[in-house]
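Listed below, chain by chain, are the residues.
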Amino acid sequence: MASMDVPADRHTAVPAAAPTIVRPTYITWVTLAFMTTASVASLRSAPTMAVYGLACVFLYIVPAIVFLVPQALVAAELASGWDGGVFRWVSEGISSKWGLLAVWCQFAMTIFYYPTLLGFVASTLAYVFNPDLASNGVYTGIVIVVVFWAGVFISARGGTGGIAKLASSGLLIGTLIPGALLVILGVIYLLQGNPSAAPMDADNLIPQWTGIASLVLIVNNFLSYSGMEMNAVHVSSLRNPRSEFPRAMFFAMGLVLLIFILPALAISWVVPAQALSLTAGVMQAFSEFFSYFGIERLVPIVAIALVCASLGGMLTWLAGPSKGLLLIARREGYLPPFFQAQNEHEIPVHILVVQGAITTFIALLYALIPSVSSAYWILSVMTTQVYLIVYLLMFVAAVKLRREQPDVERGYRAPVLGLLCVVGFLASLAAIFIGFVPPSQFENGSTATYVAVILGGTVLIGLLPPALFLWLRKPTWKVADAEAAS
Amino acid sequence: MSEPIPMPEPRDHRWIYWVLGTILIVLAIIGLITYSGEKKDQESQQKAAELIEKFRAAGFPVPHDDDIIIRTLGDDGGPVCDDPAGALRRALFNDQLYNGADFVGRRPVIVDPRIVQGEILILETYCPDELEKVRDDLEDLKTDDTIKD
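Protein chains in written order, with my numbering: chain A, 1 to 486; chain B, 1001 to 1149.
By construction, these hints were calculated from the structure, which means they are not laboratory data.
Quick reminder that beta carbons are idealized off the backbone N, C-alpha and C, glycines included.
Fair warning: there could be bad hints in the mix.
Stated by the list, open to error - Where chain B lies over chain A, by a calculated footprint (3+ residues, C-beta under 8 Å):
| # | segment |
| --- | --- |
| 1 | 193 to 202 |
| 2 | 431 to 441 |
Said to hold, decoys possible - Under 7 Å between C-beta atoms, here's a sample of chain A residues computed to sit facing chain B:
| # | residue |
| --- | --- |
| 3 | Q208 |
| 4 | P272 |
| 5 | Q274 |
| 6 | S287 |
| 7 | V299 |
To be verified - Label-pair distances were calculated between CB atoms; the ranges are:
| # | chain 1 | residue 1 | chain 2 | residue 2 | range |
| --- | --- | --- | --- | --- | --- |
| 8 | A | L258 | B | A1028 | 21 to 27 Å |
| 9 | B | I1030 | A | D201 | 40 to 46 Å |
| 10 | A | I188 | B | V1019 | 34 to 40 Å |
| 11 | A | V30 | B | A1028 | 24 to 30 Å |
| 12 | A | A452 | B | D1136 | 21 to 27 Å |
| 13 | B | T1022 | A | Q192 | 36 to 42 Å |
| 14 | B | I1025 | A | F293 | 20 to 26 Å |
Model the full structure from these sequences, guided by the hints.
In structure tokens, the structure reads:
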């Protein structure tokens, strides 16, 4: 049993285990803040949001108030009282079965998420060699497979400390430095007396209101902050989790907001929205931005930076949810023993490898089968629906834990926790409902069909597998008890 | 209850940092050598002027400096005109019609029609043959006025 399962000075329902110490590596709260930021923010969406001009501030701040703040403060309180991340919080607050659902939803959605992330990595990396490669399926397939398995290998070998270093470096090289460059160049552009391409007067702070489309835009942006709680699974790697995790969350919140808002604004100053071609992807916007300053030679460097940021984020997503799944699998015996294996760095290697095999298969379909890549956006809707279930459960668990376990020492107590949970819960629920509104890509189909497909996919990905685990599980799968007894 | 015993970080994965750092440096050198952007010649200037005129006629804001268009789209549209009807380009295109999330929260939204019209004008100017392959798809996209005038 890993030392992380039974932390010092914690009120816990988990049975004490034999103290087998497996080389714990501490990380600092700044590193954890960087990991959290790397899991959530990069420059990838800056061109997408730049088209909204000054309104992008509104489109990030309002979701921050109703979703980021509740999520971050609630996660800070929970992580400062209970280790293990979302599975532990939901298990303690509701029940271990709901804990399984929460951690499964957090884990399962990543399987379908990686192909799009890696497809983005492949198209961005193409700018280093030849931008036309982005439309080549074989190239995309090779990049996806090589990069993903390199990520799995690094996750398995690096341990929490190694992943933390690489994710932090990815954030610094891939987001903070190029983001600062964008902002500085944008300010220089304005200081030169040039007019902003997007109007910057106060009237443009509020986005255009056109009913459902505006609601879809605003509410879907709640999801920009998805994942702030994910790295709480590493809370035991902090020397003083109770005070350091909340500090990490506050720092990460500030960084995420800056990364989302400032680079998008800078691009909107220089490049008009209509000139941002969609078919050529994100790099086209950076190319146009740097062309103004005559430094388009930096485009491949920015491409490499974006790839670094994406891969740093991917490492945190490889390490976080799989670890949560391992913890609950070992504690409750919800997965067969094969999946409960971990290496000397406490990494669930078998879970990662099986996840990798499934992801590789799906990613190759994405790269090589035209109908799959064209329609893959539907899966991103389903997976975000699945992830929102995690937040519903987390907010319910937080309220119940405050009521039923008020004496558990928390390093941080969120102010007005009940209100935060209600706001966060309603925001998550609103995002689930909005997920059933067909987006631009759904051209001429029936809305009822769309709703049925999204609902079916959500059940299939998020609800069915944990139900099957519970139905099929055997008493012998409970490794924690066996280890404690030995 | 076991107190974790802090031990030095394992050194056996330091080589990972070196390998990754080397790969990054090699990629950066390759990129700096091979990437030059699009050429600024008479044809690219003419195409850019044509596109900017179309933007003006449509009532769209235009770039402050024509070089933004010239250096990015050249005389052939660059990557914009590279198989826009292809499945992976279509996937990239779809990936741009998303919310402001960067990682797991990415989800499609309903975009403003002017974004799509801008795309059509770029393709019409630089590669009209390619436009015909995607025109129906672009025009069929569900849009609404989400950007202020």
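Okay, the hints, checked on the actual structure:
For the segment 193 to 202 of chain A, the stated coverage by chain B is satisfied: 5 residues place a CB nearer than 8 Å to a CB of that chain, which reaches the threshold of 3. Proximity of the segment 431 to 441 of chain A to chain B, defined as three or more residues with a beta carbon under 8 Å from a beta carbon of that chain, is established by the 6 residues found. With a least beta-carbon distance of about 5 Å to chain B, the hint placing Q208(A) at the interface is held under the 7 Å criterion. Restraint check, P272(A) versus chain B: the minimum CB separation of about 4 Å is within 7 Å; hint holds.
Because the closest C-beta pair between Q274(A) and chain B is about 3 Å apart, less than 7 Å, the hint holds. Interface hint status for S287(A): upheld, as the beta-carbon distance to the closest one in chain B is roughly 5 Å, under 7 Å. Hint status for V299(A) relative to chain B: holds, with the closest Cβ pair at about 6 Å, below 7 Å. Between L258(A) and A1028(B) the beta carbons are some 25 Å apart, a value that agrees with the proposed interval 21 to 27 Å.
Against the hinted window of 40 to 46 Å, the Cβ-Cβ separation of I1030(B) and D201(A) comes to about 44 Å, which satisfies the hint. Distance hint for I188(A) and V1019(B): a CB-CB separation of about 37 Å, consistent with the stated range 34 to 40 Å. Against the hinted window of 24 to 30 Å, the Cβ-Cβ separation of V30(A) and A1028(B) comes to about 26 Å, which satisfies the hint. For A452(A) paired with D1136(B), a C-beta distance near 26 Å keeps the hint of 21 to 27 Å intact.
Between T1022(B) and Q192(A), the C-beta spacing of about 39 Å keeps the proposed range 36 to 42 Å intact. One distance hint, 20 to 26 Å for the beta-carbon pair I1025(B) and F293(A), holds here, with the actual separation near 24 Å.
In the structure shown, no violation is registered for any of the earlier numbered hints.
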